[in-house]
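Q: For the protein sequence lines, the chains are A and B, in the order given.
Here the first sequence stands for residues 1 to 251, numbered as in the working numbering.
Here the second sequence stands for residues 1001 to 1841, numbered as in the working numbering.
Calculated directly from the structure, the hints in this document are not laboratory data.
Among the hints, erroneous ones may be present.
To be verified - To give an idea of the chain A side of the interface with chain B (calculated C-beta under 7 Å), a few residues:
no.	residue
1	Gly33
2	Trp137
3	Thr147
4	Thr189
5	Met192
Claimed, not checked - Capping the alpha-carbon separation at 20 Å, the derived lysine to aspartate or glutamate pairs in EDC-like fashion look like this:
no.	chain 1	residue 1	chain 2	residue 2
6	B	Lys1009	B	Glu1199
7	A	Lys196	B	Asp1306
8	A	Lys193	B	Asp1304
9	B	Lys1213	B	Glu1157
10	B	Lys1534	B	Glu1630
11	A	Lys193	B	Glu1310
12	A	Lys195	B	Glu1381
13	B	Lys1534	B	Asp1510
14	B	Lys1351	B	Asp1340
15	A	Lys193	B	Asp1510
16	A	Lys195	B	Asp1304
17	A	Lys195	B	Asp1306
18	B	Lys1077	B	Glu1157
19	B	Lys1403	B	Asp1426
20	A	Lys193	B	Glu1669
21	B	Lys1716	B	Asp1426
22	A	Lys196	B	Asp1304
23	A	Lys193	B	Glu1314
24	B	Lys1412	B	Asp1426
25	B	Lys1292	A	Asp150
26	A	Lys195	B	Asp1303
27	B	Lys1657	B	Glu1630
28	B	Lys1292	A	Glu69
29	B	Lys1125	B	Asp1113
30	B	Lys1292	A	Glu17
31	A	Lys196	A	Glu17
32	A	Lys193	B	Asp1595
33	A	Lys196	B	Glu1084
34	A	Lys196	B	Asp1303
35	B	Lys1351	B	Glu1199
36	B	Lys1292	A	Asp28
37	B	Lys1009	B	Glu1172
38	B	Lys1440	B	Glu1172
39	B	Lys1123	B	Glu1084
40	B	Lys1292	A	Asp13
All residues carry an ideal CB built from backbone N, CA and C; glycine is no exception.
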Amino acid sequence: MVDVLVCVKRVVDSSSEVVLTDDAQAVDGRYAGFTMSAHEECAVELAVRAAADAGTTRVVTLGDEDAVEQLRHALAVGCSEATHVVADSSAFGPADVAREMAAVARDHDSQLVLLGNDAADSGDFQVGIRLAYALGWPVINGVSTVTVADGTVTASGTGPEGHETYEVPLPAVVTVLEGGVEPRYPTVTGRMKAKKVQIEEREPTTAPTGPSRVRLLLPPPAPSDVQILGNGPEAAPAVVDVLEQLGVLAR
Amino acid sequence: MAHVPSQAKVVVIGAGIVGNSLVHHLAQLGWRDIVQLDKGPLPNPGGSTGHASNFIFPVDHSREITDLTLDSMRQYKEMGVFTESGGFELARTEERMEELRRRMSSARAWGIDAELVSPEFVKEKVPFIETDQFIGAFWTPSVGVVDSLRAGTLMRESALATGALTVVPGVEVTGLDVEEGADGHRRISRVRTTDGDIEAEHVVIACGVWSPKIGAMAGVSIPLTPAVHQMISVGPCPQLAATDGEISFPIVRDMDTFCYERQHGADMEVGSYAHRAILYEPEEIPSIEQAKLSPTEMPFTSDDFDPQLEQAYELMPDLLGAEGAEMRYAINGLLSLTADGSPILGESHVKGLWTAAAVWIKEGPGVGRAVAEWMVRGHSEIDVSHSDIARFHPHQLRREHTKLRTTEAFIKTYGIVHPAEQYESDRPQRLAPMHASQQKLGAVFFETGGWERPHWYESNAGLLDEYGDAVMPREHEWDARWWSPIINAEHLRMREAAGVIDLSAFEVFDIEGPGALDTVQVTCVAQCDVQVGKVVYTPVLDAAGGFRSDLTVMRLGEDHFRVVTGAAHGPADRQWFADHVPADGATTLTSRTDDISTIGVWGPRARDILAGLTSDDVSDAGFGFLSCREIPLNGTTVLASRISYVGELGWELYVGKDDAAAVWDALLEAGSSYGAVPVGIGVYGTTGRIEKGYRAFGFELDGERSIVEAAMQRPKVKAAEFVGKAAYLAQRDAPPAAVLCTMTVDNHVSASGTRRYMLGGEPILTREGGTLTDDHGHHPYVTTAGSAPSLGQHLLLAYLPPDEAHLGNELAVSYMEELYPVTVRSVDATGLWDPANERIR
Chain A
1 MVDVLVCVKR VVDSSSEVVL TDDAQAVDGR YAGFTMSAHE ECAVELAVRA
51 AADAGTTRVV TLGDEDAVEQ LRHALAVGCS EATHVVADSS AFGPADVARE
101 MAAVARDHDS QLVLLGNDAA DSGDFQVGIR LAYALGWPVI NGVSTVTVAD
151 GTVTASGTGP EGHETYEVPL PAVVTVLEGG VEPRYPTVTG RMKAKKVQIE
201 EREPTTAPTG PSRVRLLLPP PAPSDVQILG NGPEAAPAVV DVLEQLGVLA
251 R
Chain B
1001 MAHVPSQAKV VVIGAGIVGN SLVHHLAQLG WRDIVQLDKG PLPNPGGSTG
1051 HASNFIFPVD HSREITDLTL DSMRQYKEMG VFTESGGFEL ARTEERMEEL
1101 RRRMSSARAW GIDAELVSPE FVKEKVPFIE TDQFIGAFWT PSVGVVDSLR
1151 AGTLMRESAL ATGALTVVPG VEVTGLDVEE GADGHRRISR VRTTDGDIEA
1201 EHVVIACGVW SPKIGAMAGV SIPLTPAVHQ MISVGPCPQL AATDGEISFP
1251 IVRDMDTFCY ERQHGADMEV GSYAHRAILY EPEEIPSIEQ AKLSPTEMPF
1301 TSDDFDPQLE QAYELMPDLL GAEGAEMRYA INGLLSLTAD GSPILGESHV
1351 KGLWTAAAVW IKEGPGVGRA VAEWMVRGHS EIDVSHSDIA RFHPHQLRRE
1401 HTKLRTTEAF IKTYGIVHPA EQYESDRPQR LAPMHASQQK LGAVFFETGG
1451 WERPHWYESN AGLLDEYGDA VMPREHEWDA RWWSPIINAE HLRMREAAGV
1501 IDLSAFEVFD IEGPGALDTV QVTCVAQCDV QVGKVVYTPV LDAAGGFRSD
1551 LTVMRLGEDH FRVVTGAAHG PADRQWFADH VPADGATTLT SRTDDISTIG
1601 VWGPRARDIL AGLTSDDVSD AGFGFLSCRE IPLNGTTVLA SRISYVGELG
1651 WELYVGKDDA AAVWDALLEA GSSYGAVPVG IGVYGTTGRI EKGYRAFGFE
1701 LDGERSIVEA AMQRPKVKAA EFVGKAAYLA QRDAPPAAVL CTMTVDNHVS
1751 ASGTRRYMLG GEPILTREGG TLTDDHGHHP YVTTAGSAPS LGQHLLLAYL
1801 PPDEAHLGNE LAVSYMEELY PVTVRSVDAT GLWDPANERI R
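Bound conformation, chain A alone (with noise of 0.2 Å):
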């Protein structure tokens, strides 16, 4: 038995167009919506199936009111208990979300705590390790699957030698890499109990320090790979030599 936590950031979902907020300081979703990263997706995912055996799943996220929503995301697909940190997460650096999970981490005696390799907007890298070192806690960064027994953690996934599997002691940190695992979608019955867990609110418990970032700028809009081969019959020729150039058809 093991007592998960699983912490998830309320990102903008992709599209293939980035629209910037107003300010240039975020993305916007107002069209493509809201949602938490790949990574974090197959975190819950991996910390649902970590904690089946009678352990409890806590999922947390440092955000504004609206982050609620992926907090109830992850009950309806598993997890059993939710922390809100309230606070706009625009002002919160790598250092500074570390320090608070840190901080629920203790108050709830998690014994593993798993993140996304990387949060989905801000790229930062930092949190998971930033994380450990404030728990004095090992770390496994990078991976894909993770499972528990009795106090080890064992996690692998794609190293640049080859497949790597780490086995560490509880208490410890992961970072997830999407990949290793489908994450679930929710059933009806799991977002209508989503709905009725009691979600614990709590303040941060300094203020941050920031991101310290300028602003986003958009990369210019990549050039279109579409060429136009002709039209009808006569294009036929043309697409003759692209499937030859592709090594589709041999000559």
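Given chain A, work out where chain B should sit, using these hints.
A: Relative to the frame of chain A, chain B by itself:
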């Protein structure tokens, strides 16, 4: 890949179900050089068609919508994209059961097979439903689902096969050029696109939720709003996965929770109309690139949906709670809503620029056919006048109006809407000059065309005791909702003494100039080349001989005619006349609606009242029936017109707006000594006219009815040409396919002992309850129902099969699924009250 040509006969913007259907029917009707554009890719360019639930329930209380739906179902079936599933509409409450009984009336009236069934009947066909959640259901076996994207492709391909069509996807419209013609009309000339400009004679905006944005490019308001309809898909459900094809179980509409459950393969789709109205501006809809799914599949807001989720689960727990069934797709789908719920079809005030928008999948192909016919022939087989873009008054063209009304109406999508129900939002808009007086008199205001019109006056409540049971009180709450027995008391007092009626809402316009006579002659059936000072009541026809309107025309001078028509249909009538004003540059049409107020005074003492206020001669010899002239009255001059829509002696007085309140007060004061009272529209619009058998446009009269069927033909037809003349002459030579009759209800007592009063729309059956069918293949239904207090009867008007149209014929009306005996009392335009018209003299 096709490029846009530089010229076209018609450019159809949009490749959703409407645009695709339009190009098909335009090609079928022989048009060539048709160009169809869409910003998105084919076959799903990203509009509402792409995420539609694609199911069709044919029964609606509106005949127009039902006819469009039935025509669409026929077309979908011909294309092989229709799958019949059957459908249930559930009632959780007794109030809803009553609504379903009313729905049975509509089903019978439109000839659609339907049945009220028990929860057990539903369970037999939908085994995973919980029968303790509802008390009954409305079963329509012909409900089904369609593949609207496939249908669109097939229709486009059919048009392409004729060589009539060029389709260019991936092209965005950036502008619409309008030019002013020699006749003073603004005309569409060009469509600007990201792929070049197209000179076009005609342009159709079939852009669904984007239509207002495109219309604005030509200065045309298309008053619809994009609105969210939430839906989720739950699956795979083992109960569904075991079946073949897209749908094997009937669709369930859970009316009281505003939800539906519709099988889609192994998934169950749950859709909702229960949440708050979530509206967007057309400009706020993301582009294809900015959207996560498609532009009209907005991010799901789960909080709004949660209450529905629980209700859906209670109804189908074993299915929606099945092991492995997950919510894999959930959207806030955008669709188009309008203030009155009807589509927006027809030619805009910019000539050649048409719209076909705010159309559901169930009406798409029917709308495509109707609009194509309208464009090619000038009229459509199915009357679509309730959807005419010309119906809107200026205040209704504001986005604010559409937002407020759709916010108010969203919950009515599955709601129980009384036929007389009034909107509350965006009122008041237009007040009569005597409004303050009316408020003091306790007027209960109903709205028409933005005008606040007294329906009855609480100040007349004292008459109830005086008339006792003659006011025909109604016991049942539904029958008495949006109604008062005071209406009938006012009616009796008008017939006994006199009534003063505010008719400020009348649409009034003057046609002046050398072409004025030609304009009214060519638009009106009746002879308008009459002496100056004469009043003419006339039908107005379309080219096929169907009604466009009925109205009155006054000849005020050799070259000056005044047209007076109802507020509801006023803008459409005005546009129709404006379209027939000759382009001589000297003939003008001027709206007088806002500077003239009309007050009616009718009843046996009307002459006495008027005589006391004017020095003019208002005797029958001095002021004959159907004549008009200016008279001095109360220190001002009014145009008096001796005419009546309530069957009594009296006048319409056309008063300058600034003097109207004073004239109103003077009439009430002078009238009081004769027993006259203010009388509301409840009398003017229903009880007064129905006793006289007067027909009303939009009820008895519409584009599918002829003068002959309405029994309004005169012995002669004028020699001058007029629109619809050839058709009218042919109608006169043929036996009518149906005959408009007046019936009395012989017994009002229901099985439970309550007296019931029909409100209109109910089917007329044989005395035993058998179906009647006229020579059009239509079934008779009540076009107007109302009290006839002077006769002590409740009267019904309906078009009957010709062989049923004989005096004394004993038939029945079905109301809330009970039969009430009726008897035919008039088979022509003869009124049951004062049939010889002696009182009008």
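Q: Evaluate each hint against the coordinates.
A: For each hint, the structure was consulted:
1. The beta carbon of glycine 33(A) comes within 2 Å of a beta carbon in chain B, closer than 7 Å, and the hint placing it at the interface holds.
2. A cut of 7 Å between beta carbons decides the hint on tryptophan 137(A): the least distance to chain B is about 34 Å, and the hint is violated.
3. A distance limit of 7 Å between C-beta atoms decides the matter here; for threonine 147(A) the minimum to chain B is near 23 Å, and the interface restraint is violated.
4. Restraint check, threonine 189(A) versus chain B: the minimum CB separation of about 5 Å is within 7 Å; hint holds.
5. The beta carbon of methionine 192(A) comes within 6 Å of a beta carbon in chain B, closer than 7 Å, and the hint placing it at the interface holds.
6. Our distance criterion of 20 Å between C-alpha atoms is met by lysine 1009(B) and glutamate 1199(B), whose separation comes to about 8 Å.
7. Distance restraint check for lysine 196(A) and aspartate 1306(B): the Cα-Cα separation of roughly 11 Å lies within the 20 Å cut-off, and the hinted pair is therefore satisfied.
8. Proximity of lysine 193(A) to aspartate 1304(B) is assessed by CA-CA distance (about 16 Å); at most 20 Å being required, the pair is judged to hold.
9. For the hint pairing lysine 1213(B) with glutamate 1157(B), the CA-to-CA distance comes to about 28 Å; that exceeds 20 Å, so the pair is violated.
10. Annotation: proposed proximity of lysine 1534(B) to glutamate 1630(B) holds, straight-line Cα distance about 12 Å (limit 20 Å).
11. Among the hinted pairs, lysine 193(A) with glutamate 1310(B) is consistent with the structure: their alpha-carbon atoms are about 10 Å apart, no more than 20 Å.
12. A distance of roughly 52 Å separates the Cα atoms of lysine 195(A) and glutamate 1381(B); the hinted pair therefore is violated under the 20 Å criterion.
13. Restraint check: the Cα-Cα separation between lysine 1534(B) and aspartate 1510(B) comes to about 15 Å, which is no more than 20 Å; the hinted pair holds.
14. Straight-line distance between C-alpha atoms of lysine 1351(B) and aspartate 1340(B) comes to about 24 Å, which puts the hinted pair past the 20 Å bound.
15. Restraint check for lysine 193(A) and aspartate 1510(B): not satisfied, since their Cα atoms lie roughly 67 Å apart, outside the 20 Å limit.
16. The hinted pair formed by lysine 195(A) and aspartate 1304(B) meets the criterion: a straight-line CA distance of about 12 Å does not exceed 20 Å.
17. A distance of roughly 8 Å separates the Cα atoms of lysine 195(A) and aspartate 1306(B); the hinted pair therefore holds under the 20 Å criterion.
18. Taking the CA atoms of lysine 1077(B) and glutamate 1157(B), the gap is about 17 Å. The hint holds against a cut of 20 Å.
19. Restraint check: the Cα-Cα separation between lysine 1403(B) and aspartate 1426(B) comes to about 10 Å, which is no more than 20 Å; the hinted pair holds.
20. Of the supplied pair hints, the one linking lysine 193(A) and glutamate 1669(B) is violated, its CA atoms being roughly 69 Å apart against a limit of 20 Å.
21. Taking the CA atoms of lysine 1716(B) and aspartate 1426(B), the gap is near 47 Å; set against the 20 Å cutoff, the hint is violated.
22. Between lysine 196(A) and aspartate 1304(B) the alpha-carbon distance is near 15 Å, which keeps this suggested pair within the 20 Å criterion.
23. About 14 Å separates the Cα atoms of lysine 193(A) and glutamate 1314(B), which keeps this hinted pair within 20 Å; it holds.
24. Taken as a hint, the lysine 1412(B) and aspartate 1426(B) pair is honoured in the structure, with Cα atoms around 17 Å apart against an allowance of 20 Å.
25. Restraint check for lysine 1292(B) and aspartate 150(A): the C-alpha separation of about 43 Å exceeds 20 Å, so the hint is violated.
26. As the CA atoms of lysine 195(A) and aspartate 1303(B) are separated by approximately 9 Å, the hinted pair is consistent with the 20 Å bound.
27. For the suggested pair lysine 1657(B) and glutamate 1630(B), the alpha carbons sit about 16 Å apart, so the restraint of at most 20 Å is met.
28. About 18 Å separates the Cα atoms of lysine 1292(B) and glutamate 69(A), which keeps this hinted pair within 20 Å; it holds.
29. Between lysine 1125(B) and aspartate 1113(B) the CA atoms are separated by roughly 17 Å; this keeps the pair inside 20 Å, and the hint holds.
30. Restraint check for lysine 1292(B) and glutamate 17(A): the C-alpha separation of about 9 Å stays at or below 20 Å, so the hint holds.
31. Proximity of lysine 196(A) to glutamate 17(A) is assessed by CA-CA distance (about 36 Å); at most 20 Å being required, the pair is judged violated.
32. Simply put, lysine 193(A) and aspartate 1595(B) have alpha-carbon atoms about 63 Å apart, too far for the 20 Å limit, and the pair is violated.
33. Distance restraint check for lysine 196(A) and glutamate 1084(B): the Cα-Cα separation of roughly 40 Å exceeds the 20 Å cut-off, and the hinted pair is therefore not satisfied.
34. With a C-alpha separation of about 12 Å, the suggested pair lysine 196(A) and aspartate 1303(B) falls inside the 20 Å cut-off, and the hint holds.
35. Restraint check for lysine 1351(B) and glutamate 1199(B): satisfied, since their Cα atoms lie roughly 14 Å apart, inside the 20 Å limit.
36. Simply put, lysine 1292(B) and aspartate 28(A) have alpha-carbon atoms about 12 Å apart, close enough for the 20 Å limit, and the pair holds.
37. Restraint check for lysine 1009(B) and glutamate 1172(B): satisfied, since their Cα atoms lie roughly 19 Å apart, inside the 20 Å limit.
38. For the given pair, lysine 1440(B) sits about 56 Å from glutamate 1172(B) by alpha-carbon distance, which is inconsistent with the 20 Å threshold.
39. Distance hint between lysine 1123(B) and glutamate 1084(B) is fulfilled; the C-alpha atoms sit about 18 Å from each other, no more than 20 Å.
40. In summary, the hint linking lysine 1292(B) to aspartate 13(A) is supported, as the alpha carbons are separated by about 7 Å, within the 20 Å threshold.
The structure shown violates the earlier hints numbered 2, 3, 9, 12, 14, 15, 20, 21, 25, 31, 32, 33, 38.
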